[in-house]
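**Q** Those protein sequences? They're chains A and B, same order as listed.
Residues 1 to 252 in the numbering used here are what the first sequence lists, from first letter to last.
Residues 1 to 167 in the numbering used here are what the second sequence lists, from first letter to last.
If you are wondering where the hints come from, they were derived from the structure by calculation, not from laboratory data.
It is possible that some hints are incorrect.
Said to hold, decoys possible - Derived DSS-like pairs (lysine-lysine); straight-line CA-CA distance at most 30 angstroms:
| id | chain 1 | residue 1 | chain 2 | residue 2 |
| --- | --- | --- | --- | --- |
| 1 | A | K4 | B | K83 |
| 2 | B | K104 | A | K124 |
| 3 | B | K125 | A | K109 |
| 4 | B | K69 | A | K132 |
| 5 | B | K126 | A | K109 |
| 6 | A | K251 | B | K65 |
| 7 | A | K135 | B | K71 |
| 8 | B | K126 | A | K132 |
| 9 | B | K65 | B | K126 |
| 10 | A | K208 | B | K138 |
| 11 | A | K132 | B | K46 |
| 12 | A | K109 | B | K83 |
| 13 | A | K109 | A | K251 |
| 14 | A | K132 | B | K100 |
| 15 | B | K125 | A | K211 |
| 16 | A | K124 | B | K65 |
| 17 | B | K138 | B | K125 |
| 18 | B | K65 | A | K132 |
| 19 | A | K208 | B | K126 |
| 20 | A | K211 | B | K100 |
| 21 | B | K138 | A | K211 |
| 22 | B | K83 | A | K9 |
| 23 | B | K102 | A | K135 |
| 24 | B | K83 | A | K135 |
| 25 | B | K83 | A | K132 |
| 26 | A | K135 | B | K69 |
| 27 | A | K135 | B | K125 |
| 28 | A | K251 | B | K83 |
| 29 | A | K109 | B | K69 |
| 30 | A | K124 | B | K138 |
| 31 | B | K125 | A | K156 |
| 32 | B | K83 | B | K125 |
| 33 | B | K125 | A | K208 |
| 34 | A | K132 | B | K138 |
| 35 | A | K156 | B | K104 |
| 36 | A | K251 | B | K46 |
| 37 | B | K104 | A | K135 |
| 38 | A | K156 | B | K138 |
| 39 | A | K251 | B | K69 |
Treat the numbers as computed from the prediction; the structure is a model and nothing was measured.
Here's the letter readout for the chains.
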Amino acid sequence: MNTKDALIKYCTRLADNNLILGQRLAEWCSRGPILEEDLAMTNISLDLFGEAESIYEYISTLTDNHLSADDIAFLRSEREYSNTLLVELPNGDFAYTMAKQFLYASFAKLLYTSLLNSNDETLKGLSEKALKEVKYHIRHSSEWLIRFGNGTSESKTRVQNALNDIWKYTDDMFEMDEVDNELISTGIAFDLKDIYTQWNFSVSEILKEAKLTKPSNGLSIKGGYKGIHTEHLGHILTEMQYLQRAHPGAKW
Amino acid sequence: MVGNGNYISEHKIWDLLSQIPDPDIPVINITELGIVRQVIVDDFGKITVVITPSYSGCPAMSVFKEEIKNKLLENGATSVDLKIELSPPWTTDWLSDVTKNKLKKYGIAPPEEHSSDFIGLFSNKKVTCPHCNQNETKLTSQFGSTPCKSLWFCNLCHQPFEYFKCH
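Work out the full structure: start from the sequences and follow the hints.
**A** What follows is the structure, given as structure tokens:
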């Protein structure tokens, strides 16, 4: 695989993670447990959409097919999406959503930090920008995990069950293939094995503080980067792409 | 390019851009906010305005883009290009003391620290209330009505207020 194709695929994975997680979070709009949390989740969603848009715009400068950022977001089908599985999981209750947010934001923070050393200037700039926003996301979800874990037996049980359920999808974030290998060899991206080690450490630290048990590694479900998704992604796209599918080319 | 035919000078462009208010915080303009990074006028009078978003998803950005183009075209520009640059990322460190004072007078607490300052979990930091100037305040939410603000409450004057986050 040549470097340019690998870069396009790599960026698509990253942007799809942001877009799909942003869309999931937006489902909380007007349904948050309290007004402040409704605002928090939609604000984080907005950050993720913004980050996705910047990356899709970069992708459209790399390809010759004249697709705009909107085309890439709204006109691809399920198998063409390459987000990691965790971000497409349904929201569940508030504890479940916060557990997802925490596990993903911990990954995103480390990934963007590594990309500050990328020799692709655009990817480096995008990461520098995103990192400032991800810091709010990780603080927000970490605090909630600690509150739930040290709260009532109900809150502790719910967040522990959420972690136990989500854990099998976390390995998928660290999957690597020829795309990663090409970009690692050219100094554009970095080995996700190293990021996994750091992620494991930082997640463990917060779980300790939250008095929660880190689930053991057992079953692991993978395939997001290859376009093999859970049954949930199709439903997300059905809602998200409805307008562009029903009224092609409609502008806001 | 001052005085060269009908071209608008770079100085005049900055002046025009500083007449465009932030749609959410109309007391400050887009140059004070640090959104406009650079203005370039080439030998043919073509204008390029380099802008950077405050937050990646800030909806005000699309308003800014429209208004910058309209403002310059209405004032004699023939061609305006907008270029978005993400690096260096926007920071509240670019807000001057004059700008911070404008925010405060408007009722928004201005950023109090440096963007690189570390904020830990469950920070007990207290922001100074823009209404009564005391710092017996409490964070209500890290997120507010726009991406750049958080929600606070003053325990002394019992007023809710917004804080322009240090970013």
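**Q** It remains to establish, for every hint, whether it holds in the given structure.
**A** Hints and how they fare:
Note on K4 of chain A and K83 of chain B: the hinted pairing holds, with a Cα-Cα distance of about 23 angstroms set against a maximum of 30 angstroms. Annotation: proposed proximity of K104 of chain B to K124 of chain A is violated, straight-line Cα distance about 34 angstroms (limit 30 angstroms). Between K125 of chain B and K109 of chain A the CA atoms are separated by roughly 23 angstroms; this keeps the pair inside 30 angstroms, and the hint holds. At roughly 29 angstroms between alpha-carbon atoms, K69 of chain B and K132 of chain A fall within 30 angstroms of each other, so this suggested pair holds.
Of the pairs offered as hints, the one joining K126 of chain B and K109 of chain A holds, with about 26 angstroms between alpha carbons and a cut-off of 30 angstroms not exceeded. Proximity of K251 of chain A to K65 of chain B is assessed by CA-CA distance (about 17 angstroms); at most 30 angstroms being required, the pair is judged to hold. With a C-alpha separation of about 36 angstroms, the suggested pairing of K135 of chain A with K71 of chain B is violated against the 30 angstroms cut-off. Proximity of K126 of chain B to K132 of chain A is assessed by CA-CA distance (about 21 angstroms); at most 30 angstroms being required, the pair is judged to hold.
Proposed proximity of K65 of chain B and K126 of chain B is contradicted: the alpha carbons are some 36 angstroms apart, above 30 angstroms. Between K208 of chain A and K138 of chain B, the direct Cα distance comes to roughly 27 angstroms. Compliance with the 30 angstroms bound is thereby established for this hinted pair. A distance of roughly 34 angstroms separates the Cα atoms of K132 of chain A and K46 of chain B; the hinted pair therefore is violated under the 30 angstroms criterion. A hinted pair counts as satisfied when its Cα atoms are at most 30 angstroms apart, and K109 of chain A with K83 of chain B qualifies at roughly 27 angstroms.
The suggested pairing of K109 of chain A with K251 of chain A is violated, with an alpha-carbon distance near 33 angstroms, which exceeds 30 angstroms. Note on K132 of chain A and K100 of chain B: the hinted pairing holds, with a Cα-Cα distance of about 21 angstroms set against a maximum of 30 angstroms. This hinted pair checks out: K125 of chain B and K211 of chain A have alpha carbons roughly 25 angstroms apart, not beyond 30 angstroms. For the suggested pair K124 of chain A and K65 of chain B, the alpha carbons sit about 24 angstroms apart, so the restraint of at most 30 angstroms is met.
In summary, the hint linking K138 of chain B to K125 of chain B is supported, as the alpha carbons are separated by about 8 angstroms, within the 30 angstroms threshold. Restraint check for K65 of chain B and K132 of chain A: satisfied, since their Cα atoms lie roughly 23 angstroms apart, inside the 30 angstroms limit. Using a Cα cut-off of 30 angstroms, the hinted pair K208 of chain A and K126 of chain B holds, with the two alpha carbons roughly 27 angstroms apart. Pair hint K211 of chain A plus K100 of chain B does not hold up; C-alpha atoms about 42 angstroms apart against a cutoff of 30 angstroms.
The straight-line distance between the Cα atoms of K138 of chain B and K211 of chain A is roughly 26 angstroms, inside the 30 angstroms bound, and the hint therefore holds. Among the hinted pairs, K83 of chain B with K9 of chain A is consistent with the structure: their alpha-carbon atoms are about 25 angstroms apart, no more than 30 angstroms. Between K102 of chain B and K135 of chain A the alpha-carbon distance is near 28 angstroms, which keeps this suggested pair within the 30 angstroms criterion. Our distance criterion of 30 angstroms between C-alpha atoms is met by K83 of chain B and K135 of chain A, whose separation comes to about 27 angstroms.
Restraint check: the Cα-Cα separation between K83 of chain B and K132 of chain A comes to about 21 angstroms, which is no more than 30 angstroms; the hinted pair holds. Distance hint between K135 of chain A and K69 of chain B is unfulfilled; the C-alpha atoms sit about 33 angstroms from each other, more than 30 angstroms. Taking the CA atoms of K135 of chain A and K125 of chain B, the gap is about 17 angstroms. The hint holds against a cut of 30 angstroms. Proposed proximity of K251 of chain A and K83 of chain B is supported: the alpha carbons are some 22 angstroms apart, at most 30 angstroms.
Distance hint between K109 of chain A and K69 of chain B is unfulfilled; the C-alpha atoms sit about 36 angstroms from each other, more than 30 angstroms. A distance of roughly 36 angstroms separates the Cα atoms of K124 of chain A and K138 of chain B; the hinted pair therefore is violated under the 30 angstroms criterion. Between K125 of chain B and K156 of chain A the alpha-carbon distance is near 27 angstroms, which keeps this suggested pair within the 30 angstroms criterion. Our distance criterion of 30 angstroms between C-alpha atoms is broken by K83 of chain B and K125 of chain B, whose separation comes to about 37 angstroms.
Proximity of K125 of chain B to K208 of chain A is assessed by CA-CA distance (about 24 angstroms); at most 30 angstroms being required, the pair is judged to hold. Between K132 of chain A and K138 of chain B the CA atoms are separated by roughly 23 angstroms; this keeps the pair inside 30 angstroms, and the hint holds. Using a Cα cut-off of 30 angstroms, the hinted pair K156 of chain A and K104 of chain B is violated, with the two alpha carbons roughly 41 angstroms apart. Restraint check for K251 of chain A and K46 of chain B: satisfied, since their Cα atoms lie roughly 28 angstroms apart, inside the 30 angstroms limit.
Our distance criterion of 30 angstroms between C-alpha atoms is met by K104 of chain B and K135 of chain A, whose separation comes to about 26 angstroms. A hinted pair counts as satisfied when its Cα atoms are at most 30 angstroms apart, and K156 of chain A with K138 of chain B qualifies at roughly 26 angstroms. For a cut-off of 30 angstroms, the pair hint linking K251 of chain A to K69 of chain B stands: about 20 angstroms separates their Cα positions.
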